[in-house]
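Asker: Each residue of the sequence shown is one higher than the one before, starting from 1174 at the first, in my numbering.
These are computed hints drawn from the structure, not numbers from a lab.
Small disclaimer: the values here were computed from a predicted structure and weren't measured.
The beta carbon of each residue, even a glycine, is placed where N, CA and C say it ideally should be.
Fair warning: there could be bad hints in the mix.
Unchecked claim - Each pair of labels, with its calculated beta carbon distance range: (1) 1249 x 1226: 14 to 24 angstroms; (2) 1273 x 1313: 15 to 25 angstroms; (3) 1475 x 1241: 44 to 54 angstroms.
Stated by the list, open to error - SDA-like cross-link-like pairs, simulated, lysine to any residue; straight-line CA separation at most 20 angstroms: (4) 1442 x 1416; (5) 1461 x 1447; (6) 1313 x 1280; (7) 1286 x 1182; (8) 1442 x 1426; (9) 1246 x 1199.
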Amino acid sequence: MKILVINCGSSSLKYQLIDMKDEEVLAKGNFEKIGLEDSFLTHKVKEKKYTINKKADNHEIAIKTVLQQLTNKEYGVINNLDEISAVGHRIVQGGEFFDKSVLINDDVIKKIKLCIELAPLHNGAAIKGIEACKVAMPGKPMVATFDTAFHQTMPKENYLYPIPLRFYSEYKIRKYGAHGTSYRYVSQRINEIMDKQGKERKIVVCHLGQGASLAAIQDGKVVDTSMGLTPMGGIMMCQRVGDIDPSVITYMMEKENILPRDMVELLNKQSGLLGVTGVSSDFREIEKAASGGDEKAILAIKMYVEKVAEFIAKYMVIMQGIDVIAFTAGIGENQIGVREKICEKLKVFGVQIDKVANNCRGEETKISSENSQIEVWVVPTNEELVIARDTKKLV
1174 MKILVINCGS SSLKYQLIDM KDEEVLAKGN FEKIGLEDSF LTHKVKEKKY TINKKADNHE
1234 IAIKTVLQQL TNKEYGVINN LDEISAVGHR IVQGGEFFDK SVLINDDVIK KIKLCIELAP
1294 LHNGAAIKGI EACKVAMPGK PMVATFDTAF HQTMPKENYL YPIPLRFYSE YKIRKYGAHG
1354 TSYRYVSQRI NEIMDKQGKE RKIVVCHLGQ GASLAAIQDG KVVDTSMGLT PMGGIMMCQR
1414 VGDIDPSVIT YMMEKENILP RDMVELLNKQ SGLLGVTGVS SDFREIEKAA SGGDEKAILA
1474 IKMYVEKVAE FIAKYMVIMQ GIDVIAFTAG IGENQIGVRE KICEKLKVFG VQIDKVANNC
1534 RGEETKISSE NSQIEVWVVP TNEELVIARD TKKLV
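Start from the sequences and build out the full structure, keeping to the hints where you can.
Answerer: Next comes the structure, spelled out in structure tokens:
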């Protein structure tokens, strides 16, 4: 069985074709700048990379172009589209409708649309991807895997906000979290590595990427997570503000006469590390600036480390202990110095880092010392494989 996994952004389309016989990735790629004149596709087959400059006005054209690469006579990996058994879609927001992956039908699409206002950039794009696949591969079974589904085990005291309860009853305003598919993979992988059942582990996973969050996972279930109603809450991120005193927002709006939609833009795309440094939203560039003595870059990294450590400490209290801390995603897997600084902050809990072991990028590695009271791991995430496995199971 071959599964095509699709992850649609507002102007991008990432994909992987996975042979579920041995879970081998046959091909993968990323279509960027969809809707713009200079849109292009980067398609990878094993070690070879192909760049296709193709104007794609919409996701339907992008999907069609991707399928053409998969069946290309020169470097294609399948003879025809009949070899694709099903398509799995990553959906960011499923609200309270979904606590697991589901086969896509009209009712599922309707509910995904109802959640667009909670994740406008992500869910709207996902609908476009689903509709495009229906046109390109009519009748092909499709599955939706929701980032919010894994977080549906949170108890009410951890997902409700201290605002009048009618706002939850009427509008479902609550904490939903994100990156749940990544948390599923990493937490399950930790238990495989340690040869223990999930019920015996208290795990904190730090998904630190362009968007970043943490989750406390106990007995194989999420107890709490840092992101909130939208992917803007929690720790400070590369461009997103994270948690902030609400009065700061209203004060800024009054001072500069900022409209709500413009404030959302400012907090979502002009804040976080970029806002503090004024340098970049790329952590590599920020570290480079910091090493050169840039005071704003040094400050931003200190703030980032502090916020991540604060959430880990919070989860120590919530779960009454932590067995494992796992770092994943772009920053978590690759930024050696950030991992070290975060673990230094956690010395009070008996965390000890092995600096030699920590000198790794993108590798599954235990980076804590033998004397550490909490094991610390780097585990590269694999959301696409989770989606493919769910799709295979359901189809």
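Asker: Next step is simple, just say for each hint if it's right about the structure.
Answerer: Evaluated hints:
{"no.": "1", "hint": "1249 x 1226: 14 to 24 angstroms", "in the structure": "holds, 19 angstroms"}
{"no.": "2", "hint": "1273 x 1313: 15 to 25 angstroms", "in the structure": "holds, 21 angstroms"}
{"no.": "3", "hint": "1475 x 1241: 44 to 54 angstroms", "in the structure": "holds, 48 angstroms"}
{"no.": "4", "hint": "1442 x 1416", "in the structure": "holds, 15 angstroms"}
{"no.": "5", "hint": "1461 x 1447", "in the structure": "holds, 14 angstroms"}
{"no.": "6", "hint": "1313 x 1280", "in the structure": "holds, 17 angstroms"}
{"no.": "7", "hint": "1286 x 1182", "in the structure": "holds, 15 angstroms"}
{"no.": "8", "hint": "1442 x 1426", "in the structure": "holds, 16 angstroms"}
{"no.": "9", "hint": "1246 x 1199", "in the structure": "holds, 15 angstroms"}
Figure legend: structure checked against the earlier numbered hints; every hint is met.
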